[in-house]
Amino acid sequence: MAAQNGILLEVKNLKMYFPIKRGVFQRRVGDIKAVDDVSFFIRRGETFGLVGESGCGKTTAGRCILQLYRPTAGEVLFEGQELTTMKGQKLRAMRREMQMIFQDPYASLNPRMTVGSIIGEPLEVHGTAKGKAKRERVQELLRVVGLNPYFVNRYPHEFSGGQRQRIGVARALALNPSFIVADEPISALDVSIQAQIINMLEDLQEELGLTFLFIAHDLSVVRHISDRIAVMYLGKIFEIADRDELYKNPLQPYTQSLLSAVPIPDPVVEETRKRIILVGDVPSPANPPVGCNFVTRCPVKMDICEEQEPEFKEISPDHWVACWRVTG
Amino acid sequence: MALLEVHGLNTRFYTDDGVVRAVNGVSWEVDEGETLGIVGESGCGKSVSVLSILGLIPQPPGKIESGEVFFEGKDLMQLSNDEMRAIRGNKIAMVFQDPMTSLNPVLTINQQISEALMLHQGMNKKQARERTAELLELVQIPQAEDRLDDYPHQFSGGMRQRAMIAMALSCIPQILIADEPTTALDVTIQAQIIELVKELRDEIGMAIIWITHDLGIIAGIADRVAVMYAGFIIESADVKDLYGDPRHPYTLGLLGSVPRLDMGKKEKLTPIFGLPPDLIDLPSACPFAPRCDYRIDRCAERPELRTLAPRHDAACWVDITKERT
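Residue numbers (this note's numbering), protein chains in the order written: chain F, 1 to 328; chain U, 329 to 653.
A hint or two may mislead.
[What the hints assert, rightly or not] When the alpha-carbon atoms are kept at most 30 Å apart in a straight line, the in silico BS3-like pairs for lysine-lysine are as follows:
#1 U:K526 x U:K568
#2 F:K248 x U:K568
#3 U:K453 x F:K274
[To be verified] Okay, the calculated bits of chain U under chain F, using three or more residues with CB under 8 Å as the criterion:
#4 349-358
#5 448-461
No lab work stands behind these hints: they were computed from the structure.
Predicted, not measured: the structure shown is a model, and the values here were computed from it.
The beta-carbon is built from N, C-alpha and C at its ideal position, and this holds for glycine as well.
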C-alpha cells in the first residue's frame, strides 16, 4: 500500500496506549490500548469513513492523526511527511492543512467569544489575515456555510445546534485546509437538521476539493457520505472496503452483525430482515482478549481465534480484512 | 374501547420567558398487545405527552390544561396521587432513556427491583429477591443470581437497560412506555434490547408505547405510528401506510432526511430547511408552514387532523399524495 499515487494520508501501525496509574507513587500498572496497531490510507479528495461503537478508539485515532495526541508508536504520513516526529514551527505549519470538526457544537464553541472572533482566531494564530482582510474572510466563510455574514458580532448561544455546527465548519475551513477530520459532526443534531449538514459537507468537498476522515457510529450516515469505510472494534480495524463492497460483501463477522443491527426506516424491509444478535458486551480495552479482539462475541469463532491474532490483509483489491475465517 | 385512550391533551409550562405550549390537543389510543410508536424530533412534546398521562409533570411550572386519559374505564386525570401510584409501575410501567441516571447509584439492583414487588405485589423480602432473580434471567442477564447484590455502576450500559426493563416488567404491566430506551446504547446492544422487548411483548401480551426520534427503530417494532411536530400530532397511521404513503409534508421530509443503509449509489438527501418553531409564540398558522414545500394560502389557518385514507389521519390542507404524482 506504500507509494501508490494520490494518497494524501497514510497511517502505519498506529498505537495509542494510555497508561493506567495506581497507588501513592502512581506506578504504571497497565495500559488502555485505545488504538492498537492500526494501518490505513486515505486518497486525495475522498471521504474515508471510520465506524465503530463507543469506546472502540475511532476518536483517538482521529486525534492521533492530527497530533492532538502524540501516538505511542507508529507512523502518520501526510503528503509523505512524517508527523509523529515533527515539532514546533514545522508542525504548526502543517496544522493549517489539517483541521477538525467536533461532535458537540455546544461544547466546542467558546460562549464568551463572538462568532467573528471564533472563526477569525485561526487566521490570527497563523498570521494569515488581520484587520479588514480578516473581517472580510470571516464574512466570506459565513456565507460559504450558509449563514448570514452579519452574524459576526453574535454569540454562540444565539444560534441553534445546526447553525452552531455550521460555525464549527467555518472555523475549520478558515485556513483553507486540504484535510478535515469530522468527528461525529451530526450526532448531536436533530434528524431534519442532520441532512442539512451532510449536504453542506458534500457540497464543500466538491467545491473545495477537500479530503475527509468522517468518524461516526451511525453506519447509515457513514455509508451515505463515504467512498471507503473502515470498521473499528476495540482498538483494531477489522475491515476496510469500498462503501458498496462493504455493504454487499461484508467478510468479517463483526461487520456482518453491525450491518444487520442497523435499523432501516422501511417496515416492509424490516419485516424480512434477519438480525445477527451478538451476545454480551465489548471487553475492556485495558484487558483485551488473547487472539482476535472479537473472540468473546464472535458467533463463528474457531480454536485458532483464541490463540492467535488474525493478520490484517488485502484479500481482493481495496478490500482488507482481519479474520481467520477469511482466506484470500 | 381501546386499552388506553388519550383525548385532547394540552400541557403547558409557565416559565419566566413565557408560556411554552409543549403538548397541543394530542389524542391517540392503543389496543391490547399493540405497539404504538411516537416519533418526533427533540422538543416536539413526545416525552411530555406521556409524562403528562402518568402525572409525572412537575407542577408548577408545568400544567395539564385539559385532556382525558381513559384506562380501564377510569379517567387517569381525575385520580388522586395514591390511586395513581397504584397504577404507575404496576399496570403501566415505564423505561427511560438513560439507564445511568434512572437507576439509584447507592442501592443494589435487587433492592431497586424488589421495591416495586413489595409495594405493588405485597411480597416479602425473600419472595421479592427470588422473583427479582427470575426477572433478571428473563431479560437475559448472565449469572443473574450472582448479580443481585451488584450496584448499577457494576453493570454495563446494556445490562443497566436490561435491569430497567426487568424493573418495568416486575409487576407484569398491561402497558409498557419506553421513552427512547436505546438512544444511549450502541447499535449492537440496541439490537439486543429491541429483540428482547419484542420477545417479551409476544410472551406477556402487553401493549407498548415506544417514543423515539429514530424512524428505523419504529419501522421494525411499531404497529401504528403517530408523528409529532411542535406539540401537535400531525400524522397517524398504520406503520406500512405511514412509510409507504406519507400524507404530511413533515413526515415526507423526515423520511427524505435520513440516509438508508440499503440505499444504492450516493444519492443526495433532501433536507427540511429551516428550524422548528418556538413553542413560546406558536403561530395560529400551520406550525410546519414556514418550512413546507407544499404551502398554500390556506395554511395561514392551522389544519386539524383529518382522515385521508382508512386508519390514516394527517393535519394538512394539501393532499400531497395527489400532488406528488
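Quick rundown of the hints versus the structure:
1. In summary, the hint linking U:K526 to U:K568 is supported, as the alpha carbons are separated by about 18 Å, within the 30 Å threshold.
2. Using a Cα cut-off of 30 Å, the hinted pair F:K248 and U:K568 holds, with the two alpha carbons roughly 26 Å apart.
3. Distance check on the hinted pair: U:K453 and F:K274 sit about 42 Å apart at the alpha-carbon level, beyond 30 Å; violated.
4. Note: the stretch 349-358 of chain U has 0 residues with beta-carbon separation from chain F under 8 Å; the three-residue rule is not met and the coverage is violated.
5. By the rule of at least three residues with a Cβ nearer than 8 Å to a Cβ of chain F, the coverage given for the stretch 448-461 of chain U is violated, with 0 such residues.
Consistency with the previously given hints fails for numbers 3, 4, 5, ordered from lowest to highest.
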